[in-house]
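Q: Given only the sequences and the hints, what does the whole structure look like? Please build it.
There are 2 protein chains.
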Amino acid sequence: MRAVDIIIKKRDKQQLTAEEIEFFVRGFTNGDIPDYQASAFAMAIMLNGMSPVETADLTLAMARSGQVLDLSKEVDIVVDKHSSGGVGDKTSISVMPMVAACGLPVGKMSGRGLGFSGGTLDKLESIPGYRVDLSTDEFKKQLREKGIVLTGQSMDLAPADGKMYALRDVTGTVPSMPLIASSIMCKKIAGGANAIVLDVKTGLGAFMQTLPEARELASLMVDIGRRAGRNTVALLSDMNQPLGAAVGNALEVIEAIDMLRGGGPADYREHCLHVAAHVLVVGQRAKDLNEGRAMAENSIADGSALEKFRALVAAQGGDASYVDDNSRFERAKYVEVAHAPRNGFISQVHARSVGEASVVLGAGRAKKGDPVDHAVGFIIHKKVGDEVREGEPLFEVHANDRAKLAAARKAALSAHLFSDEFVPPLPLFYE
Amino acid sequence: MRAVDIIIKKRDKQQLTAEEIEFFVRGFTNGDIPDYQASAFAMAIMLNGMSPVETADLTLAMARSGQVLDLSKEVDIVVDKHSSGGVGDKTSISVMPMVAACGLPVGKMSGRGLGFSGGTLDKLESIPGYRVDLSTDEFKKQLREKGIVLTGQSMDLAPADGKMYALRDVTGTVPSMPLIASSIMCKKIAGGANAIVLDVKTGLGAFMQTLPEARELASLMVDIGRRAGRNTVALLSDMNQPLGAAVGNALEVIEAIDMLRGGGPADYREHCLHVAAHVLVVGQRAKDLNEGRAMAENSIADGSALEKFRALVAAQGGDASYVDDNSRFERAKYVEVAHAPRNGFISQVHARSVGEASVVLGAGRAKKGDPVDHAVGFIIHKKVGDEVREGEPLFEVHANDRAKLAAARKAALSAHLFSDEFVPPLPLFYE
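Chains as they are written, first to last, in the numbering used here: chain U, 10 to 440; chain W, 10 to 440.
A few of these clues could be false.
Here are the computed lysine-lysine pairs in the DSS-like style, where the Cα-Cα straight-line distance is at most 27 Å [said to hold, decoys possible]:
hint : chain 1 : residue 1 : chain 2 : residue 2
1    : U       : K22       : W       : K22
2    : U       : K172      : W       : K172
3    : W       : K296      : W       : K342
4    : W       : K376      : U       : K18
5    : U       : K18       : W       : K172
Not close to chain W: a few residues of chain U, all C-beta gaps over 12 Å, as computed [unchecked claim]:
hint : residue
6    : K19
7    : D79
8    : L80
9    : D334
10   : R340
If you're looking for bench data, these hints aren't it; they were derived computationally from the structure. Fair warning: this is a prediction, and the values are worked out from it, not measured in the lab. Note that the Cβ used here is the ideal one computed from N, Cα and C, for glycine as well.
A: What follows is the structure, given as structure tokens:
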């Protein structure tokens, strides 16, 4: 078998076999197949596509390119929840403790933020001491003993994916459905989850800007999960405007904790309950969504979800006192309120623009490896469909730098559009 | 400007500017743009194509990636003739001296054979001492003094092309019309020719197997030549069966000299006169094809073409006595005649199969850098349309090894097909 023949087959729109895909991925991982062949292959996939079978084969080959966690000795089932990324999306921080409190083991590896999109690890690190670099043994032990882990991908999971992603980033081959789907799913599969809930975002602040694209990605990933023997479900949720009110690392953790305590913005609360219900059904702890939702609500009401989060923070070395006293979180030096410039109905709070403005503040990173400022960000007071009066508070800017504050405030203000007519609120979920 | 944005533009089927193409080619040549970006770019071009303007810009950028010869101080006009490659194609060896004898300066850089297709340099090296590694100064001096040069590409002409071709070869991006056309034309342009005749072969023994493909390549190259300010014409000629009778290095040179002496197979003779007439018109020495053909015929009749070839060989260090005494050429140890196995009309002499059989004999090379045996090859006695009787001589095998002889003879015999019905001869030219 020769790499060039596999490239040529894909170039000519022929179907690749599992053996050919395995050969290519293994060769690429161990360095036998050079980058210049892999990038030509990626471009051929980008332009000619891959069938669902090929995509599943690619996913499995990438999952097997490194260690594949077997957690069956630790727990009977492990659930993972993945969000395709967005602005103000702190869902995992609330939902994972909720379902863990319902007796469903959670073993989740998250990523960092990049560009306008935040990352769960950056958010959790707002709590001093919280470790995101657990070893495999620590991961297993904590899963067994606490039933919840929220860490980074410190083990060598799916190394082919990391190598491939770096190459795609510089060769114009990022926005390929089969490559995106396999990149996400190979890590979930290698991470040992046997029940997976995918929260695919769509809209102005999502990687998939249109509903058809998001639907295509979602069904492709569900198909991969099914072929890999993982119980997988996907939700399509809105990311035209930020989710909830808080955008920024510590601000989002505070909001996620509020929610676990029974508070938080209504849209975020509803989003979390809906996701949690799905997770509980996929994880075989609830027989249907109604039961799942009731269980999730109960975990808030009886304090067990908050208790689970406290246990998680403590287990991973974080200062658990932050969970019960949000005044302990580092705060920004300057907090300024922006007011509505006119009367009307909010017709848009452009999620991506708000996300980019938060990068200006230092909450996100322009490129990999940049540090983030945990304290800064926004609190969005008004959402699409809300009626506002001129001069009413629209949002807060939390900043550590005056010039950045001014720039971010201006950008966030431009992200808001107003209408004289009534505007219906955005749905939380599409499907 | 960033390489990845240029790749993305081509991936998205947008038109690249001359500046973007120049940036990419220059960066690739000097190593700023790595191979993995160039191969992704090549695959995007392969699958999405390039407009004629983009293709011409690519050609000029590659031509300018190294030295571009300016021969205007040496001669008023320089002609080059390029064949897209085939079996038994020794046309340059006859035509170049003919037109040079008519007062048209010839400065041609040829290549070596690869696979089933022979190369002019290998053929000329059948004459001991013949140098194909002239320096730029030697090239210019000989052009000025002798009016004819037939050498290899020893200078650093179009280095981007050599680098790109090596990459295309291993990334499945060889058969792309814009990449093929620009690869051929950039070397012609860098070589200083201002009049170019392209002999594009089509058929079983050509890289372009179908007439529409050959026509597309031809018109693309003519368009590039026009945009680059070079007087360019393309002919489409047959390569279903070998051209002439001889296939193999020394055998072909002997046939080319025979032709210059007024002999040689009728098809080869006619092919050469037709090509020479076009070259003389493009090179502004003849006002039309009729005059060009008469001049070419005259150069044979008055011995001036042969004299020009003698001068060429001597100028490049070759033993000119070979030109006048073909018994001096190295001969193969074994010469065996294959006879017609049946009565009938020849319906096919598969050019590629004959070419591959000659590689078996050692006349060609399976991979770059392999040595060639100048003495071995075939003499094809019967061509498509000829009637044969069982037992009549069909072809000769010239070999230096008994086992190779048997294998090559068998393969060449299979290349011949017979019909009970009359078969019309193949045309020499299509357009």
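Q: Now look at each hint and say whether the structure bears it out.
A: Checked hints:
For the hint pairing U:K22 with W:K22, the CA-to-CA distance comes to about 18 Å; that is within 27 Å, so the pair holds. Restraint check: the Cα-Cα separation between U:K172 and W:K172 comes to about 25 Å, which is no more than 27 Å; the hinted pair holds. A hinted pair counts as satisfied when its Cα atoms are at most 27 Å apart, and W:K296 with W:K342 does not qualify at roughly 48 Å. Between W:K376 and U:K18 the CA atoms are separated by roughly 22 Å; this keeps the pair inside 27 Å, and the hint holds.
A C-alpha spacing of about 24 Å is found between U:K18 and W:K172, which places the hinted pair at or below 27 Å, so the restraint holds. Not every beta carbon of chain W lies more than 12 Å from that of U:K19, the smallest distance being close to 8 Å; the non-interface claim is violated. At the 12 Å boundary, the C-beta of U:D79 stays outside the reach of chain W, the nearest C-beta of that chain being 34 Å off. With 12 Å as the threshold on Cβ separation, the claim that U:L80 sits away from chain W holds: the shortest Cβ distance comes to roughly 36 Å.
Annotated as non-interface, U:D334 keeps its C-beta farther than 12 Å from every C-beta of chain W; the closest such distance is 47 Å. U:R340, annotated as away from the interface, keeps every beta carbon of chain W farther than 12 Å; the closest lies near 39 Å.
Taken one by one, the earlier hints fail for this structure at numbers 3 and 6, listed in ascending order.
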